[in-house]
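> Going line by line, the protein sequences match chains A and B.
Here my numbering is used: the first residue of the first sequence is 1, the next is one more, and so on.
Here my numbering is used: the first residue of the second sequence is 1, the next is one more, and so on.
Because the hints were derived from the structure by calculation, they are not lab data.
C-beta atoms are modelled at their ideal positions from N, C-alpha and C, and glycine is treated no differently.
There's no promise every hint is true.
Unchecked claim - Result set (EDC-like, lysine to aspartate or glutamate): computed pairs, CA atoms no more than 16 Å apart in a straight line: (1) A:98 <-> A:178; (2) B:177 <-> A:117; (3) B:177 <-> A:118; (4) B:177 <-> A:133; (5) A:36 <-> A:25.
To be verified - Examples of chain A residues toward chain B, derived with CB under 7 Å: (6) 71; (7) 94; (8) 109; (9) 111; (10) 112; (11) 114; (12) 118; (13) 122; (14) 125; (15) 126.
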Amino acid sequence: MNTAPTSAASTASATAPYLSVNNVEVIYDHVILVLKGVSLQVPKGGIVALLGANGAGKSTTLKSISNLLRAERGDVTKGSIDFKGARIDQMTPNDLVKRGVIQVMEGRHCFGHLTIEENLLTGAYTRSCSRAEIKRSLDLVYTYFSRLKTRRSSQAGYTSGGEQQMCAIGRAIMANPEMVLLDEPSMGLAPQIVEEIFEIVKDLNSKEQVSFLLAEQNTMVALRYADFGYILENGRIVMEGEAKELATNEDVKEFYLGLGGEGRKSFREVKHYRRRKRWLS
Amino acid sequence: MQFFLEVLIGGLLSGVLYALVALGFVLIFKASGVFNFAQGAMVFFAALTFVGFQEVLPGWTGLEEGGSAVFWLAFALALVSMIILGILTEKIVLRPLVNQPHITLFMATIGLSYLIEGIAQGVWGANVRGLDLGIEDVPVEWLMESSNILVSKFDLVAAGIAGVLVASLALLFQYTKIGRALRAVADDHQAALSIGIPLQHIWVIVWGVAGFVALIAGMIWGARNGVQFALTYTALKALPVLILGGFTSVPGAIVGGLIIGASEKLAEVYVGPFVGGGIESWFPYVLALLFLLVRPEGLFGEKHIDRV
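Start from the sequences and build out the full structure, keeping to the hints where you can.
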C-alpha cells in the first residue's frame with residue numbers, strides 16, 4: 001500500500017503543475033469575502049488534501065475550481081485557475097466536466113428518486129461515446145464499488161450513507177475524469193466506511209490515474225492517504241507540506257488533530273498563539 | 001345502464017383533456033421543481049397564436065384559406081413561437097433564479113402568466129375566435145348502431161391524441177439519456193450541475209416540450225369552447241387532477257384526469273339533482289381536498305424520501 005503513493009508522487013513532482021490555483025479571492029453576494037488569496041497546486045496523479053476547520057473555505061476553494069460557485073452567487077474576483085496549461089476560471093461546469101475536472105459535492109447529493117444505476121448513468125451525460133464504452137465504465141465502477149452492484153436497482157434515497165457516498169464518487173468516475181474534487185467524503189460516515197472509501201480513492205488514483213483534491217475535516221485519515229497537504233484557515237493557506245511531514249508536525253497535531261502535548265488549552269489562548277504565529281511567518 | 005355508460009365515457013374522454021393540461025404542469029414540475037402557474041396562460045397563448053397565424057397566413061402567402069397547408073404551417077409557426085417562449089422564459093426568468101427557494105420561482109411564474117396573457121392579447125387581439133380542427137363533434141356511428149351509446153367522435157380523437165402524447169412522454173422520461181437527465185435535474189439542481197448537466201439546455205427542452213403540450217391542449221380545448229381568455233382557467237381544473245395523480249407522475253396526470261373527468265360527470269348526473277345541480281364545477285376540488293387528507297403525494301407521486 002505504501003509503494004504506490006511514493007511512486008505516484010515522485011513522477012508527479014517531475015512534471016509541471018497540473019492543476020494550479022493562483023492567489024484566488026472569492027466573494028459571495030458581492031460582499032462576503034471568503035477566500036483571501038489561496039494558491040495551491042495538484043500534480044498529475046497526486047492526491048492532495050485540503051484541511052481546515054469549519055468555514056475555513058475548503059468547499060469554496062473546490063467550488064471555485066469546479067465553478068459551482070456561480071450558482072451560489074459567489075464569484076472569483078482575483079487570481080486565476082489553470083488546468084493543463086489553460087485557464088479554467090470562466091468555464092461552465094459542463095465544459096469543465098468535459099475537460100476532465102469534476103466535483104463530488106459535500107453531503108453526497110445523489111439523485112434520491114433515481115436508482116443507483118441511473119445515478120451512475122447520469123454521470124456519463126457529458127460523454128458522447130458508444131453505449132459499449134459507457135457499459136465498460138459502468139462495469140469499472142462496479143468493480144471498485146462492489147456494494148453498488150448489489151444495490152443497483154434500489155432508489156438511491158433508500159440506500160445507506162456509505163452507499164450514497166460511493167454512488168456519488170462512482171457517478172463522477174462515470175464522466176471519465178482526470179481530476180476529481182472530493183468534498184468531505186467522510187462526512188457522517190462510520191470510521192470503517194471512511195477507510196473503505198479512502199482505500200477505493202487510493203485505488204482509483206494508482207490504477208486509473210485519477211488525481212484527487214480532497215477537502216477534509218478528518219485530518220488524520222486524509223493525511224494518511226494523501227501525498228501532499230494544505231491547511232486552510234480563514235480563507236488563507238497557513239501551512240503546506242508533504243502529508244507525512246504534516247502528520248508529524250507539532251502545530252498540526254496540536255491544532256487539527258487535538259494531540260497537544262501539555263494538556264488542554266483554552267480556545268482563547270490557542271487563538272492568540274495562532275494569530276501571533278501567523279504574523280511572524 | 002346504457003345512460004350510465006354514456007355519462008361515464010363522456011366523463012372519461014373529457015378527463016383526458018384535463019390530463020393534457022395537467023401534463024404541462026407535470027413536465028415542468030418534474031424537471032425544475034417549479035409549479036408553473038403560467039401553464040394556463042401558455043395554453044391560451046398557444047391556441048391564440050395558432051388561430052392568429054391561421055387567419056393571417058392566407059393573406060401573407062396566398063395559400064388557400066382553411067386548407068391543410070395553412071393548418072400545418074400555422075401549427076409549425078405556433079410550435080416555434082412556443083419554443084421561443086420557452087427559451088426566453090429560461091433566459092429571462094429562470095436563469096437568474098437558479099437555486100432560489102421554490103416559492104420565489106413560483107411567484108415568478110405567476111408574474112409570467114400575466115405577461116404571457118398580455119402579450120398574447122396585445123399581439124392577436126382579445127376577440128373570441130373559433131377553431132376548426134376538421135373533426136366533427138358527432139356520435140360515433142358504429143358504437144351507436146351496435147350498442148346505442150352516444151360517444152362524440154371529436155372526444156374520441158382528442159383522447160387518442162392525448163394518449164399517444166402521454167405514452168411517448170412517459171417513454172422519453174424513463175428510458176432516454178435526456179429523460180434521465182431531466183429526472184436528475186428535478187431531484188437536485190446542484191448535483192446535476194456538478195456532473196456537467198447543463199441546466200439551461202434541460203430547461204429549454206422542458207419548456208419547449210411543455211409549450212408543445214400546451215399547444216395541443218390549446219387546440220383541442222379551443223376547438224371545443226372557442227379560443228378565448230377563459231382558456232387560462234382550464235388550467236385550474238388541472239389542479240385537482242395533479243393532486244389526485246401526483247405532481248411528478250406523467251401516468252398520474254392521466255389517471256387523475258380520468259378520475260376527475262368521470263367522477264364530476266357522474267356526480268353531476270346522479271348526485272346533482274339532490275342538491276340542486278351545478279356540482280360539476282366544484283366536485284373535483286372536494287375530491288382533491290379529501291385526497292390531500294389521505295394521500296398527499298397523490299396516487300403516483302414520488303414519496304418524499306427522508307433519511308432519519
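> Which hints from the list above does the structure break, by number from lowest to highest?
Of the numbered hints given earlier, the structure breaks none, since each of them holds.
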